[in-house]
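Residue strings, one per chain:
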Amino acid sequence: MVDRKQTGRALAVVAAAGVALALAGCGSATTAGSSSSATSSSAGATSGAKTPLVVYSAQGYDSDVTKAFTAATGIPVKLVDDSTGPLLTKVQAEKNNPQWGLLWVDGDTAFASLDQQGMLAPYSPSTTLTAAGQALVPADHSYVPVSTTVMAAVIYNAAKTTTVPSSYQDLTTAPYQGKVGMNDPSQSGPTFPFIAGLMNQLGGQSNGMNAGEAYFSQLKSNGLHVYPTNGDTLHALETGQIDYGMIQSSAAAGEILKAPKSASFDPKVVYLPKATLLPGVIGIDKKAPADVQAEARQFVDYVLSPAGQKIMQDSDPQGDSLFWPIVPGIQASSALPAMPEYQRIDPTFWGPLEGQVNTWFDSTIK
Amino acid sequence: MSGHPIVATGLGKRYGKVEALSGIDLDVAAGEFLVLLGPSGSGKSTLLRAIAGVERPDSGRLQLAGATVDDERTHVPSERRDLGMVFQDYALWPHLTVEKNVAFALRRRRLTGAEASGRTREALETVGLAELAHRYPSDLSGGQQQRVALARAIVSRPGLLLFDEPLSNLDADLRERLRVEIAAVTRLCGATAVYITHDQSEAFALADRIGVLEKGRLVQLDRPEEVYRQPASPFVARFTGTAGELPGRVLDPGGHHVVLDVAGARLRARALGMLRAGDAATVLVRPDAATLTPVFDRADMPAVVTDVAYRGRGYEHAVRTEAGILTGLHASTRFERGTTLGLRLSPDGCHAHPVTERGIKSDDMNVTTVSFEPRSEALPQGRRPAL
Amino acid sequence: MGFAPMLARAGWRSAARTRASSFRGGTWILFWVAVFGLLVLPIALFLLVAFSPALFEQGPSWLTLEAFKSLLTPTFLPSVMDTLAVGVGAGALATVVGGAVAWAVQRTDVPLRPLWSGAMFTLLLAPSYLVALGWERLLEPNGVLDVLGVPDAGLRSIIYGPIGVTGVLAVKGLPFAYLAVSGALRGLGDEFTAAARVHGGGPWTATRITGALLAPAVWSSFAIVFAESISDFGVAATLANDAKFPVATYTLYNAVQAFPVDFPVAAAVGWVLLAMAGLAVFAQNRALKGRSYRVLGGRSRRVRRVELGRWRRPAVASLLALLVIASLGVPVFGALSASVISGLGSLIGSHGFTLDNYSRVIASPQLHGPLLFSVGMGAATATAVVTLGLVAARLLTGSAGNFSRRLLDLLLLTAVALPGIVFAAGYIFTYNLPLTDALGLHLYGTPTLLLLAYIATALPSTTRLLVGTVGQVQHSLPQAARVHGQGPLGAWISSELPLIARPLISAWLLTFGGTLLELPVSELLYPPGQPPVAVGITKALSNYDFGGGTAMEVLAILLALAVTGLLWGLWALFAPAGWRRLGATS
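Residue numbers (numbering that gives the first Met the number 0), protein chains in the order written: chain A, 0 to 365; chain B, 0 to 386; chain C, 0 to 585.
Please keep in mind that the hints were generated in silico from the structure rather than gathered at the bench. Where is the CB? At the ideal position from N, CA and C, for every residue including glycine. One or more of the hints may lead you astray.
[Unchecked claim] For each label pair, taking beta carbons as the anchor points, the in silico distance ranges come out as:
hint, chain 1, residue 1, chain 2, residue 2, range
1, C, Val95, A, Pro174, 47 to 57 Å
2, B, Gly141, C, Val305, 22 to 32 Å
3, C, Arg359, A, Thr363, 34 to 44 Å
4, A, Phe348, C, Leu318, 54 to 64 Å
5, C, Ser363, A, Asp169, 36 to 46 Å
[What the hints assert, rightly or not] Residues from chain A that keep clear of chain C, each with C-beta distances beyond 10 Å, as calculated:
hint, residue
6, Leu128
7, Val269
8, Lys285
9, Ala334
Using the sequences plus the hints, can you model the full thing?
Right, here's the structure in full:
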C-alpha cells in the first residue's frame with residue numbers, strides 16, 4: 000500500500016514542521032537567556048546576578064566597548080546595535096514603558112528633545128572635558144557628550160580640481176557650478192545638524208532660517224546635487240559626478256584611508272568655517288530602575304576613561320573611530336587633522352525645527 | 000456483505016432561513032435500491048449528504064444498520080458509516096492512479112497487500128477498467144472516470160452505496176450504458192443503495208422504490224409503478240412526466256373517476272385533491288394515456304397535429320386541442336402536420352386537481368421557496384418517461 | 000458549456016456552506032485570536048495614535064485632529080496622487096507582465112521553462128535596494144553605460160523618475176503576479192476556451208473568457224502589488240531622489256526620521272494608506288462581485304500546450320530573456336559591482352575585481368550568528384505563516400460576501416499597505432504596555448515577538464498567494480476521502496495536501512527568503528544582543544562598508560537559493576509521482 004506510505008510521509012512533514020515551530024518558540028526563549036549570559040559570562044562568577052544594562056547604540060565601536068566594559072566591571076550588557084534612526088524610533092515608541100538603560104548615538108538634538116520630554120536622568124561625570132567638550136555639555140547635565148565629529152567636511156577630488164573653497168559662500172560661485180553634492184537631510188541623520196549649523200552661522204537663531212534658506216537656494220541654483228546619504232555622496236565623488244561633497248568628518252577621513260588613490264581620484268578634505276560640532280552622546284533613561292541607572296553612570300565613566308577611549312579609537316579605525324576626543328590627554332587618530340574652527344548650535348532651539356526644515360529642503364532644494 | 004437498512008425519523012436541516020429538509024421519515028430495507036427524485040433545491044442532495052454524514056441534520060434521528068448515527072447528541076462521521084459513494088463530479092484524486100484511487104477506499108478494511116490488490120483488481124474488472132489501472136484520472140474519458148468512481152465505491156463492499164447524480168455529467172449514450180452497469184453492480188454487491196437524480200427516467204429504471212422530494216419534504220415514497228399511476232400530488236405527477244395540462248370544469252365529482260368538461264368534451268380522470276361539481280380544475284395528462292385516431296366521433300376531442308418526430312419504434316406527436324397543447328403522444332403511424340385527429344384519453348392516465356385563484360393549488364403553500372439554486376427545472380413540462 | 004462557470008459557482012456555493020459547518024468552530028476562534036493579536040491590535044493601536052497621541056504618551060491630547068490638519072499642505076495631496084498613480088501603474092504593469100510570463104511558461108512550449116519560473120522566484124529574493132542600486136550603477140553619470148560608451152542620457156531621465164520608480168516596483172511585484180496567475184492557469188482546463196471558440200468566438204473572445212476565469216487571480220495580484228507599492232519609500236527615495244516626485248510615504252518617513260518622532264502624523268498618513276488599500280479592495284470586490292471558480296476538481300484532464308511555432312518560439316523566449324535580464328540581471332549587477340569591485344564600486348581608475356569582501360565577511364563572526372539566527376527565524380516564520388495562511392485562505396475562499404471574509408481581506412491588504420516601520424512601531428505600542436509587563440508578559444525584546452511580527456509581516460502576501468490554489472480545490476475531493484473511510488486529518492492529508500503541496504512549498508520558500516532579508520521589523524524588534532542578518536547588512540552599509548554589506552547580502556540570497564534548490568531537489572526525489580504530476584502539462 001503505497002498510499003499509506005505517502006500519508007506517513009506527509010504526516011512526518013507536518014510533524015516536523017510543527018516540531019520546528021515549537022523548537023523555534025522554545026529556542027527563542029532559551030537563546031534570549033543565553034545571549035545575555037554570553038555577554039556576562041566572564042563576569043558572572045565574580046559579580047553574582049546583576050541586572051543587565053540595555054545599551055541602544057549606533058556607534059561602530061559599541062560592541063567592543065560594551066564587551067570591555069563587562070570585562071572590567073562585571074556588569075552584563077545587552078546591546079541593541081542599530082542605525083540612529085531606528086534606535087530613536089524605538090525609544091520614542093517605548094516612551095510609556097522604556098526598555099533601554101542607555102542611549103549612545105551621534106547628535107545632541109535628539110537628546111535635547113528627550114530631555115524636554117523629561118526622559119533623561121541627568122549625570123555629570125567627574126572627568127573635566129576639553130573646551131570643545133565643555134561647550135557641548137548642556138546646562139542641566141541631562142546627557143553626556145563623550146566624543147565629537149563635525150559636519151560638514153568638504154571632501155574633494157584633488158585629481159580633478161585644484162580649486163579649493165575657503166568659505167561656504169565660495170560654493171555658490173561659478174567655479175563650483177554643478178560640482179557640489181550633499182546628503183538629503185530626510186535620509187541622512189547628520190545632515191540636519193549641518194543645515195541647522197549653517198543657518199545658525201548665517202543668521203543666528205533670530206534670522207537663521209531665512210538666511211539659511213537663501214543660502215541653500217543659491218547653492219541649488221549653482222547646481223547642487225543631493226544624494227541620500229554619506230555613502231552615496233562619496234560614490235558620486237568617486238565616479239566623477241561631483242568634485243566636492245559635504246559629508247560627516249568621520250566618513251570623509253575614512254574615505255581617505257580606504258579609497259585607492261589613482262590618476263583620476265585623489266580625495267582630500269577641507270573644513271570651511273565654521274564646522275558644526277556633531278557629538279557622540281550618551282543619555283541615561285530616567286525611567287530605568289535605580290540599579291540600572293547606576294550601571295549606566297558606570298558605563299559613562301568607563302567610556303570617558305582612557306581605557307574606554309582607547310577601545311573607541313581602535314575598534315573601527317576607518318569609520319566611527321575617526322572622532323576628535325573631548326577627554327583631555329587623548330590624541331585624535333593620526334588620520335584626522337587638528338580640530339577645525341567650530342561652532343556649537345543650541346540643540347533645544349534647532350532640534351524641534353528638524354521636521355520643518357527637512358520638509359522645506361525636500362520641496363525646495365531637492 | 001448484506002446491505003444496511005436505513006431509518007430516518009423526522010429528519011430536518013435548515014440553512015439560515017431556508018428549510019432544506021423538514022420532517023423526513025424514511026425506511027429503507029436492507030439491499031433495497033432507493034432513488035430520491037426531485038428538482039434542484041428539493042432537498043434530495045441534502046438528504047443524501049446527511050446519510051453520508053457529510054452534513055449534520057439539525058433535528059430528527061438517522062439510523063444505519065440499526066445503530067443511531069445522527070440525533071441531537073450523536074453524529075457519527077462519514078468515515079465510520081461504512082459507505083461507498085459516487086460523486087456528481089467524480090471526485091477522483093488527481094494525484095493518484097486509477098488503482099490507488101480505488102484502493103484508497105480499502106484502507107479502512109486493513110487488508111494485507113495481496114488481498115487489497117486482489118480486491119482492487121476485482122473491482123476494476125467489474126467496471127471493465129482493469130487495463131487502465133496505472134493511468135491517472137486526467138488520462139481517462141468522463142465515462143471511464145465515473146467508472147473508476149464506481150469501482151472505488153464498491154471495492155470495500157460497503158453496506159451502503161450512495162450515488163449523487165452520477166450520470167448527470169455524461170452524454171446520453173454513455174448514461175444509459177453506465178446506468179445499466181450501476182444497477183447490475185449494485186445488486187451484485189447486495190448493498191443498500193440511495194441514488195439521487197432529477198431525471199425521472201433514470202429513477203424509474205433503477206429504483207425499487209422512489210422517494211419524491213419537494214421543498215424539503217418527502218411527498219411520496221412508493222414503487223415506481225405506483226408513483227407513476229397514482230401520484231400523490233400534482234407536483235409528483237408533473238415531475239414524473241406529463242404530455243400537458245388541460246383546463247376544465249368539474250361536472251360530477253363522484254364515483255371512481257371524476258367527470259369534467261374540457262373545452263366542450265367530457266373527460267374522465269382520477270381526482271387529485273377535493274373536487275366539487277362546478278369547480279375549476281386542471282387535468283394533467285400522461286403521454287401514454289392519449290390515443291390518436293384518424294377516424295373519430297363525437298366522444299373524441301379534436302386535435303390538430305403541430306409536430307411529428309420519428310422515434311424508431313414509432314412516432315411522437317405534438318397536438319393542439321381547443322383546451323391546450325399536448326406533446327409526446329405516441330403513435331405507430333405517422334400523422335402529418337396540420338392533420339386533424341381524434342384524441343382519446345384513458346381516465347387512469349389523467350389526473351384532475353382543483354385550481355385556486357392563485358393558480359395551481361399546491362399541497363403545501365406555506366413552505367418558503369428555496370432560493371439559492373436555480374429552479375428552472377422545477378416544472379419540466381415537456382418531459383416524459385422513456386419507459 | 001457556456002454555463003460551466005455558472006454551474007461551478009452554484010456547486011461551490013452549496014458546498015461552501017457545508018465547509019463552514021464542518022470546519023470546527025474552535026479552529027476559527029483560535030484563528031481570529033491569532034489574527035487579532037498579530038494584525039488587528041498592532042495596526043489599530045498604531046492608527047489610534049493619530050487621534051489620541053496621549054494614549055502612548057506621544058502628545059498631550061486624548062482626542063485631536065491635529066495630525067490630520069498637519070497633512071493639509073499643498074505638497075501632501077499631490078504626493079497622495081503620485082502614490083496612487085505609482086500603485087496603480089506598478090500593479091497593472093506587474094499583473095500584465097507577470098500574467099504574460101505565467102501564460103508563456105504554463106501554456107506554451109516556449110523553451111527553457113524552468114529557467115523562467117526560477118527567475119521569477121529569485122526575483123522575490125532580490126531586495127529592492129539592490130534593484131535600485133543596480134539601475135543607479137548602470138545609468139548614473141560616469142556609470143557603467145557611460146564608461147562603456149553607451150549613450151544613456153535618455154534612459155537615465157526615464158528611469159530616474161516616476162517611470163523608473165513604477166517600473167522597479169512592478170518588477171518587485173512581478174513574482175506575486177506570476178505566482179497568482181500561474182496558480183490559476185494551472186487549474187484551468189482547455190475546455191473553457193475551447194467552448195468559447197466552438198460557440199463562434201475568435202481567439203479574442205477565447206482570451207476574454209480565460210480572462211474572466213482568471214479574474215480572481217488577476218485582481219488578487221493587482222491588489223497586492225498596489226498595496227506593496229503604495230507603502231514603498233526606499234525605491235522612490237533612491238531612484239527619484241532629486242526628481243521632484245514626492246510620494247505619500249515621504250511625509251510618514253520624515254515624521255519618523257526627524258526627532259522627536261511624530262507618530263501621530265505617521266499614523267495619519269497610515270490612515271491615508273489604509274484608505275487607499277480599502278479602495279483597492281473595493282475595486283476588487285466590485286469587479287469580481289464575489290465570483291470564484293473552482294476548477295481544480297476530481298474531473299480533470301491534462302492541459303495541452305500552445306505550440307508557438309518556428310518563429311514565435313524564439314521570439315517569446317527572447318522577450319522572456321530580455322525581461323529576466325532587465326529585472327534580475329540589473330540587481331545582480333548592482334550587487335556584484337558593489338561587492339566584487341573594489342573601492343565602492345567605482346569603475347574609474349585602478350579598480351579591480353576582488354573577493355576580499357567575501358573572504359572578510361565569511362570569516363567574520365558578525366555574519367555567522369546573525370545568519371544562523373535569521374535562518375532559524377525564517378524557517379519558523381515560514382512554517383507558521385504557511386499554516387495560518389492556509390486557514391486564512393480557506394476563510395477567504397469560503398462563503399462569498401460574508402462579513403468576516405471581507406474583513407480579513409481588507410485587514411491583510413492594509414497590513415501590506417502599511418510600511419514595515421509603522422507595523423513595527425505598532426508592535427512596540429501593543430506589546431510594550433506597562434499593563435502587559437504587570438501581567439508578567441515580557442514579549443518585547445524577545446525572539447518570540449520578533450517571530451510574531453515576522454509572521455504578521457509575511458502573512459498577508461503569503462495568504463494572497465495561497466488563496467489562488469486553495470480556492471481551486473473542489474470540496475468533493477476531501478469529502479470523498481471522508482466517505483471512503485478517512486478521518487478529517489487523514490482526508491486532508493491524503494486528498495487535499497497533495498493538490499496544494501507544490502504551492503505550499505513555494506509559499507514556504509517565499510516566506511523564508513523574505514524573512515531572511517526583512518529589515519524594518521527586524522531593526523525595531525530584534526532582541527538585544529541577537530541581531531538578524533538584515534540588521535548586520537544595514538549596519539555595514541550605513542558604516543560605508545558597501546563591499547562588506549553587499550557581500551553579506553549576496554551570501555544571504557545565495558543561502559536562500561540553496562535552501563530553495565534543496566527543497567525542490569527533495570521534492571523531485573521523494574514526492575510521490577502523482578503529486579509531482581499535478582500542475583504538469585503534457
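Hint numbers not upheld by this structure, sorted from lowest to highest: none
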